[in-house]
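To convert, take the position in the sequence shown, counting from 1, and add 18; that gives our numbering.
Bear in mind the hints are in silico, worked out from the structure with no lab data behind them. Check before you lean on any hint, since a few could be wrong.
Quick list of in silico lysine-lysine cross-link-like pairs, DSBU-like style, CA-CA up to 35 Å [what the hints assert, rightly or not]:
hint: 1; residue 1: Lys653; residue 2: Lys614
hint: 2; residue 1: Lys618; residue 2: Lys530
hint: 3; residue 1: Lys142; residue 2: Lys119
Okay, the calculated beta carbon distance ranges per label pair [claimed, not checked]:
hint: 4; residue 1: Gly537; residue 2: Glu204; range: 18 to 28 Å
hint: 5; residue 1: Ala140; residue 2: Glu468; range: 22 to 32 Å
hint: 6; residue 1: Asp336; residue 2: Glu610; range: 50 to 60 Å
Beta carbons are placed, not taken as given, at the ideal position from N, Cα and C, and that holds for glycine.
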Amino acid sequence: MDDEVNKALDKYFGFNNFRPGQEKVVRDILNSQDICVIMPTGAGKSLCYQLPALIKPGYSIVISPLISLMKDQVDALLAKGIPAAFINSTLMPSERIEVEKRLKNKELKLLYIAPERFRSEAFKRFVKEFPPEMLIIDEAHCISQWGHDFRPDYAKIGHFVEWMNVKQVTAFTATATNLVREDIKEVLKRPEMDLFVTGFKRDNLKFRVIECYSKAYRDTTLNNLLSEKMPTIIYASSRKAVDEIGERFNCLRYHAGLPDQDRRDVQELFMSMKSPVIVATNAFGMGIDRADIRRVIHYNIPGSLESYYQEAGRAGRDNKPAECILLYRKYDQNIHEFFIEMSHPPEAMIRATWHMVASLSKTHGAFLEMTLDELSQLVPGSKGDMQISTALKVLERESLLQRGNRDSNKGTLRLKGGTLDPLMLYPPESQRGIFIKRMVDYFGTEKLLEGIEVHPHNLTVVTGLKTDQIQKVISFLKKDVFDWDRPFTGRGVHIPDPELRLPKLDLKEMKKHESLERGRLMDMINYADTEKCRQVFMLEYFGEAANGWTCGICDSCRGVHKKKKKKKESPEKKSSMAGDDLYERLRALREEIATKKHRKLFHIFHNSVLEGMAEKKPLTFAEALRIKGIGTGSKEKIKPFLAEIKKWRSETTKN
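Go ahead and model the full structure; you've got the sequences and the hints to work with.
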């Protein structure tokens, strides 16, 4: 066995030695043990399941969270000559059948799928007939409702494991607390699953926290850091922040709100440039395989240490020195508290959401294609799309509806009627000519005239053109050859039976989850404030014993981070607008609200924000957003102030 493992390691991956922790995991898997592996980003988790899957007989199923990620992983395996494939919603029926045929003929060793694939009865029947040797769950923290990235379809994997009586189950994640680990084992119906935790010590990473007492100071600090050129990721908490920072510091931008092709272009630039700087939300990183990232900067404090360590851990994967810097401003805590509140809506909001989607499905059909923002505008009392998203998750957990996958949305392509033969319009060797001919050859003119529902990826398979080429070709051909209805950009909602009455909801678990989220946030705050070795703090959080070890290079170990007397961000310093009638009315209103809610004055609004309101006198939330210090999370908080301004304006006009 020893010789076989080492030969396979060299044959498939070109390595002579394992990284720390890898060999034990590989051998345990080869000994048919169920195992849950917690191994941080960059420690080589993928090899730990890919190598034994190649050595074991038959094939193994890998459950992966993102279609784009599984495609990248399969492409990388194929480049190494490893027989792998994926089945997901981007494949056409003929392509899926071809993959299944290869599985039947024992031509594949690794099959990647998304957890949503288990919704397909046809797929489950196929797997029942041709069972895998092993089920591998990547990003396994998504299984647990106590994890930082819970996904309902991941939670259903345990039912498949039990129904199939799967031979062997292995689970892998970069971050999981004790509570999450136990939940993973329980959900997977494998209580005796072994646990392997390793690799949280990163000797090459220098962790540092820079406390920033204002946004201006934080921007100055970031500017100073970026003066030294090196491959850098800056993580920000929102798309709006990403766009602002990207524009201010002239760096690459990446978030989920960008078009697919733009995201791919940005990712390729980041991978190819010598010293790229990219600012991104946490949508960037999964599947990014650049080992020489020298610096990861968090512009905003993340909501949990799990998120922080996973993102910061993308630095220095080549084991050379790298920095992980947190620009810490206590004000960011308020943003997270708002997110937590919006992510745990009251029962009345969940019921209102159900009544609205059930009503809409009666008139619009069982499958609704409406964005969260559109639904939010319709549901009475909604405070935003985040509340609606959580309400839909609860309803999905109650099996009242199913949410679609954004990556599987299809557009409609239709050949325009007319007497001209489309094949005669453009030179056959041009991209437009190639596209038209191959579409006609594959689908037939009659079917194209009726219109076909197709995923953009299918068009790359049919035509042989790249995605960006197809977008340009379709854009041009819309003039005289094709009509193209773009795919829905959100997640559709399927309501099997809109007549069902909403049962009594037990929200105890959600309330427990809210408390857990608040606890996670406090752990993150405590990390920022600690004088203990940064890495020791995180090791203990993730359940790995430090045994007297310290990193020796973080700001705490070097004595740089010591508790200082904090500068006061007092809202009660003398304002330049003191005595102004509107300003004083707004100040009195703030004091009244703070007293009722038992909050500090600056938790409501700082003086500078009141000054901005008194100066610009906004009447709508959109107008208020132009005032420095007011963000999208202030929508409810600012309502009484807008009402007071409106009242003041009315009185002033009368006088």
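A quick look at each hint next to the structure:
1. Lys653 - Lys614: The given pair, whose Cα atoms are some 19 Å apart, holds under the 35 Å limit.
2. Lys618 - Lys530: holds, 26 Å
3. Lys142 - Lys119: holds, 15 Å
4. Gly537 - Glu204: 18 to 28 Å: holds, 20 Å
5. Ala140 - Glu468: 22 to 32 Å: About 25 Å separates the Cβ atoms of alanine 140 and glutamate 468, which means 22 to 32 Å holds.
6. Asp336 - Glu610: 50 to 60 Å: holds, 57 Å
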